[in-house]
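Protein chains in written order, with full-length UniProt numbering: chain A, 1 to 401; chain B, 1 to 401; chain C, 1 to 401; chain D, 1 to 401.
Since the hints were made in silico from the structure, they are not lab data. Worth double-checking, as some hints may not be accurate.
Below, in silico cross-link-like pairs of lysine-lysine (DSSO-like), each with a Cα-Cα straight-line distance of 27 Å or less [as the list claims (entries may be wrong)]: (1) B:Lys-378 / C:Lys-371; (2) A:Lys-340 / A:Lys-109; (3) D:Lys-217 / D:Lys-104; (4) B:Lys-279 / C:Lys-371; (5) A:Lys-371 / D:Lys-283; (6) A:Lys-279 / D:Lys-378; (7) D:Lys-104 / C:Lys-109; (8) D:Lys-378 / A:Lys-371; (9) A:Lys-239 / B:Lys-378; (10) A:Lys-295 / D:Lys-378; (11) D:Lys-378 / A:Lys-283; (12) C:Lys-134 / C:Lys-158; (13) A:Lys-223 / A:Lys-239.
Short derived list, chain B residues pointing at chain C, Cβ under 7 Å [what the hints assert, rightly or not]: (14) Asn-355; (15) Gly-361; (16) Ala-364; (17) Leu-379.
Since we're looking at a predicted model, the values are computed, not measured. All C-beta atoms, glycine included, are put in the ideal place defined by N, C-alpha and C.
Number of protein chains: 4
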Amino acid sequence: MDFAYGPGRNHLFVPGPTNIPEHVIRAMNRNNENHRTPAITTLTKTLLDDVKKIFKTTSGIPFLIPTTGTGAWESALTNTLSPGDRTVSFLIGQFSLLWIEQQKRLNFKVDVVESEWGQGADLDALESKLASDKTHTIKAICIVHNETTTGVTNDLTKVRKILDKYQHPALIIVDAVSSIGALDFRMDEWGVDVVVTSSQKALSLPTGMGIVCAGPKAIEATKSATSVRSFFDWNGYLKCYNLGTYWPYTPSIQLLYGLRAALDLVFEEGFENVILRHKRLAKATRLAVEAWGLKNCCQKEEWYSASVTAIVVPPNIDSGEIVSRAWKRYNLSLGGGLNKVAGKVFRIGHVGHLNELQLLGCLAGVEMTLKDVGYPVKLGSGVAAASAYLLNNVPLIPSRI
Amino acid sequence: MDFAYGPGRNHLFVPGPTNIPEHVIRAMNRNNENHRTPAITTLTKTLLDDVKKIFKTTSGIPFLIPTTGTGAWESALTNTLSPGDRTVSFLIGQFSLLWIEQQKRLNFKVDVVESEWGQGADLDALESKLASDKTHTIKAICIVHNETTTGVTNDLTKVRKILDKYQHPALIIVDAVSSIGALDFRMDEWGVDVVVTSSQKALSLPTGMGIVCAGPKAIEATKSATSVRSFFDWNGYLKCYNLGTYWPYTPSIQLLYGLRAALDLVFEEGFENVILRHKRLAKATRLAVEAWGLKNCCQKEEWYSASVTAIVVPPNIDSGEIVSRAWKRYNLSLGGGLNKVAGKVFRIGHVGHLNELQLLGCLAGVEMTLKDVGYPVKLGSGVAAASAYLLNNVPLIPSRI
Amino acid sequence: MDFAYGPGRNHLFVPGPTNIPEHVIRAMNRNNENHRTPAITTLTKTLLDDVKKIFKTTSGIPFLIPTTGTGAWESALTNTLSPGDRTVSFLIGQFSLLWIEQQKRLNFKVDVVESEWGQGADLDALESKLASDKTHTIKAICIVHNETTTGVTNDLTKVRKILDKYQHPALIIVDAVSSIGALDFRMDEWGVDVVVTSSQKALSLPTGMGIVCAGPKAIEATKSATSVRSFFDWNGYLKCYNLGTYWPYTPSIQLLYGLRAALDLVFEEGFENVILRHKRLAKATRLAVEAWGLKNCCQKEEWYSASVTAIVVPPNIDSGEIVSRAWKRYNLSLGGGLNKVAGKVFRIGHVGHLNELQLLGCLAGVEMTLKDVGYPVKLGSGVAAASAYLLNNVPLIPSRI
Amino acid sequence: MDFAYGPGRNHLFVPGPTNIPEHVIRAMNRNNENHRTPAITTLTKTLLDDVKKIFKTTSGIPFLIPTTGTGAWESALTNTLSPGDRTVSFLIGQFSLLWIEQQKRLNFKVDVVESEWGQGADLDALESKLASDKTHTIKAICIVHNETTTGVTNDLTKVRKILDKYQHPALIIVDAVSSIGALDFRMDEWGVDVVVTSSQKALSLPTGMGIVCAGPKAIEATKSATSVRSFFDWNGYLKCYNLGTYWPYTPSIQLLYGLRAALDLVFEEGFENVILRHKRLAKATRLAVEAWGLKNCCQKEEWYSASVTAIVVPPNIDSGEIVSRAWKRYNLSLGGGLNKVAGKVFRIGHVGHLNELQLLGCLAGVEMTLKDVGYPVKLGSGVAAASAYLLNNVPLIPSRI
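For reference, chain A alone in the conformation it holds in the complex (with noise of 0.2 Å):
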């Protein structure tokens, strides 16, 4: 039943879907239950709060959604944002530019601010738009925190800054898909209005859940608010919330206990622990590529994601090959480029339950399979410039010291 069954595990290092430990998976291994009991309604009530700590919120609202990135992207706009609207999008990548898709088919009037692909957004224009913009018809900032495509992070706290700068009361919508229990992520001290993440990233679960947490402006927002929206709409989980039944529609249960053994072992782990076993992965990996002579399609240090890294390959290279190769031989998985950079990044996804050992094996096999499409690396190389690095940066195991 896995049509292409190999021996050994998958080395999944896509950017997402990601590993799902076992802890969660035991946790999801269960029969359904009647999601109007009051057992589901503590556990509901749980993980709104838990999960807040990973937004670092305490005023933010989380809304549990059974969908995937792109319905939370959707729930985030249309809650918050009527047709006609004016956005300021930044198009840095794949992702980026299928959210400013969807933010003009929803009829918003998007201003696209476009960066060489490998760059961080273009904050310059943005302030250029603000400073411009004395009557406020810019309605929201829209921003991927951690564009999946190149590996390029943005700055969030200047994306603030440079609000507060022109006193500009635009929303700051952030998709941080990839970025959410990943990456150090604070929307309360950074004044972001509306965060979106989803399940198959850092959070490690399965894909079908779509957790978006809106500020109290945001929430002020949606009364103003005139998109069509229905599944999508808050107001009937807010409705849910002041009742204590919490789900305007059936949640998957399994998701409602995965999650809480997710968040059990953030916390277990300590979430300041993960961010930094993420930082630490990261540079193991560019380390690696810097290795391998292979140059990192984020243009500079200040955009580095923690949670992948987009490798350029040579011109006589297609990094399709790589990433077929990699599955078909050595069963791991790698992320492709996709548009403007098919054929020319392959990605490694280092976000999620990963560890030192698993990332190495990953490094091991993508020398290999440069090898296989004619690269010239020297094995070993990769992994040897990242031991060298773990070897003084990796601590024990708390729990086993």
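Guided by the hints, dock chains B, C and D onto chain A, whose structure is given.
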């Protein structure tokens, strides 16, 4: 972590989410995978082919959407209709009501045809509306096949006949959430244009997959439908179907394997046998209700539902007490009364992967619960009535003969 | 892969293997681990401590042996006795017979004290044997606490009293395979020297762990016991206990975690509540049997078993047909008659993680099966009798009040 | 509940228990069943047929015993030999030592033929013993095929040749615990009489099933073997095989389904491919060891084991520190040194369901651990050496071509 532990198994008799067979739980007990591999593509293809069989369609195109029934409704409507379009919708219970509310929110003009709760759709009213709609202002007939609130199943062949009689081009859009996979449903033969179901009902999966099947007229309608849609847009799927990539965004790997297992079980049992089993359990339930001296909320035999029976309690009894008591004392999950019938009916869901002794255990539990809340039922009476019928109608399990 | 698929759940009412709770299935759903880590050592320590609670012993030492009940028997005997040693053994059913055969094969001289099957151990015979055994040639009394063949439970306090009366030093070695974890068993208070149980009975685990608990006198006896033993030798365990390594050979990691979960469930429910639940289900079963006009194989109330009821069928009926029919038509697994009572009794196991409605479903199935094989039972009669009793005796589930 | 949680997967490289594939974990994720149904009988029959294929025997009879390897040893010995019988046994490591101790405890007269640990069995000594044993006092040659302590594999064809040369009727009894399913083993061709393995090694199952395969001469020997045996007695099995009931006592339902899945995987991959994969991973490991400047405990190439490599550490390093450190810092489980080689060797198990990148991750972890404990390894050197070999020898995954 269960928040409400009780010894032994939970007896799950709400009309969804339903019991997940061990086979399906097993099939879903797995790590994530990259959804962009040939393995998932091949798997998806088998699912799209095989799921059509339970809709009994060859011309329909199925969409397996990461959402719930509510989202699947929205998908059916926004892909085929434009704001301001006139629909005829039958209000016969809570789910038809919620769907009508959605239709209104999505800016359709809804002709609501209400019946007393416990009755089927008023098709005479439909006939007069169609008779007088010479200019074909009515764009869609929206009808719930099986109203889960009241245990009422509408006869869709009659809807088709009326439309044909007046050669009316309106689409027939059907909520078959609690019927597909349990009841005989013949999309092609009945001339239904869009059918909506979801995973946690007869398919016995977790919540999280809305399945929409669209016939050729519905696909054609997408071209002119101007309702705003993004996440739910069928074109995103159709493009991917043509490309052979199948998924416009990340699906739940687990639900795909789960659906594969669920369909395999249906075919192993034989789909017609599954339908007969649902009829048999429903009939046994009704006989028990009769023996208890209680009334079926569904007022006529022609509307009796094979997936759920709603039972009217005497005026001095609060049906909510029955539901609460059954769960608290007997680990039995029954459906409560909703909206107009809140406090007045409770519901036994007999949909999904169930057998006779599971149902008889449930009926015995209902009997004790009825006693608990003061209704003078004769213990064993319902079980006896149901058993007497089952004794003559349960076949031997084919694989064990 | 199930070879005998049937819709809905299997109703498992053999007196072992018993139903595994979802919690325990989940806990066992895991990869192997190195059994030589501190993690497994810590886990093992908690198990050895906690398992004593269900034996109600503080002075006993438990051994968790990778074997079945048959192997656990052998372990109890060979560690405490020497070839040629005289034992008194009670033959009251198939399992006591098999144990006696084992004792003979292991070269003990067995005084077999036989009772009619359906009666308890003949303790008068024991008394006379002890009375005349002035020189203490009898080294051990071997007695089955709960004879699963006939649903007979022996009163072990009487055995102790008789030994005390004659100040006889013989060991009391008890097969408590189908009682530990279900029935009240007080190893210390009753002065039992060795107790044997196994995982697939009241503990609701898979087969594969034989649990032997040895009191101080039994441990002392190992020093002089010359029976040849290797795999089953307690000294191997005791050495490892002293070293803190715990395992003389590789244990099943999965069963260790499973036992942890199973014990956690026992303590969550409250062990005394577990015992009461078993009594309650047994009583309800007997009331059903009476209502059906059938006889309990167990001849006197003092011997009634709380874990299994053996039911005598009329002479014209083959109980094997009942077992076969129940499985083939109703997916109901009943216990058959063994040896002397083959064809004459069938058995309902009500041991392990079960609740009232599960039992009532089983009873309803037995009623239909009885009809199937030509016994003129009144349908619903057994369920009614059992329900009437349960109605007055089932407590609310504490966590749901 | 894991007592020692660490992020990411545990890297399990002890030579057993080994990694369980997801397929097998899924297959075992199930409730108990009555083991006395035709379903389990049918399943068992397929297992007994198919398990013979990995022993490469058609004339052997397999026994699937609920025990560990230690119990399986005992079963092999007590069913074929009588107290006082003379055996020749080779002491080449801890497991052969433990087996010899067992042979002594079971009252056989053991001619111990010791070799330096790191060498194979001294077959010259065997030859001289047989040459001088004109009266055939030697009843059995007991030999460990693959000594897990030292990573030494004995050539059994040579044993057969020596026996044949002297036309000596002694039985060949082989501990193949860490070889069956991983190494080429030809029971019939090599004339081996009894072979012993267990579930948690190459078969990649949980511990709990000892598998013994007995050839015709061994079955014949049971008739005269007077060793006391009960639980391990083959006659109990043989009687049940004849009756078609198969089980003298309750088997683990889960392990039966697990074995079915494990065998299915072996046949899907192709057993010869499984053997080649083990050889490949072993060779890669040895190349890494060489690159690290360390010595293989196994002294000659003819004895190199394909399932485990024991690595000698420099005198100033304690191999126990390596094992401890790897687990505490890198979540890597390595095998330690046992008895004579305690502190002197550590072991990499490369047996079971593993692939190349898993091994390379392990090797990278070993490199860092070596650095941690003060050995001046060049990071990446072992990975490079192993990769260079694998690059030229790993086939494409057949189902993915």
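Hints, one by one, checked against the model:
| no. | hint | result |
| --- | --- | --- |
| 1 | B:Lys-378 / C:Lys-371 | holds, 22 Å |
| 2 | A:Lys-340 / A:Lys-109 | holds, 24 Å |
| 3 | D:Lys-217 / D:Lys-104 | holds, 23 Å |
| 4 | B:Lys-279 / C:Lys-371 | holds, 23 Å |
| 5 | A:Lys-371 / D:Lys-283 | holds, 20 Å |
| 6 | A:Lys-279 / D:Lys-378 | holds, 25 Å |
| 7 | D:Lys-104 / C:Lys-109 | holds, 26 Å |
| 8 | D:Lys-378 / A:Lys-371 | holds, 22 Å |
| 9 | A:Lys-239 / B:Lys-378 | violated, 42 Å |
| 10 | A:Lys-295 / D:Lys-378 | holds, 25 Å |
| 11 | D:Lys-378 / A:Lys-283 | holds, 20 Å |
| 12 | C:Lys-134 / C:Lys-158 | holds, 20 Å |
| 13 | A:Lys-223 / A:Lys-239 | holds, 14 Å |
| 14 | Asn-355 | holds, 3 Å |
| 15 | Gly-361 | holds, 3 Å |
| 16 | Ala-364 | holds, 4 Å |
| 17 | Leu-379 | holds, 4 Å |
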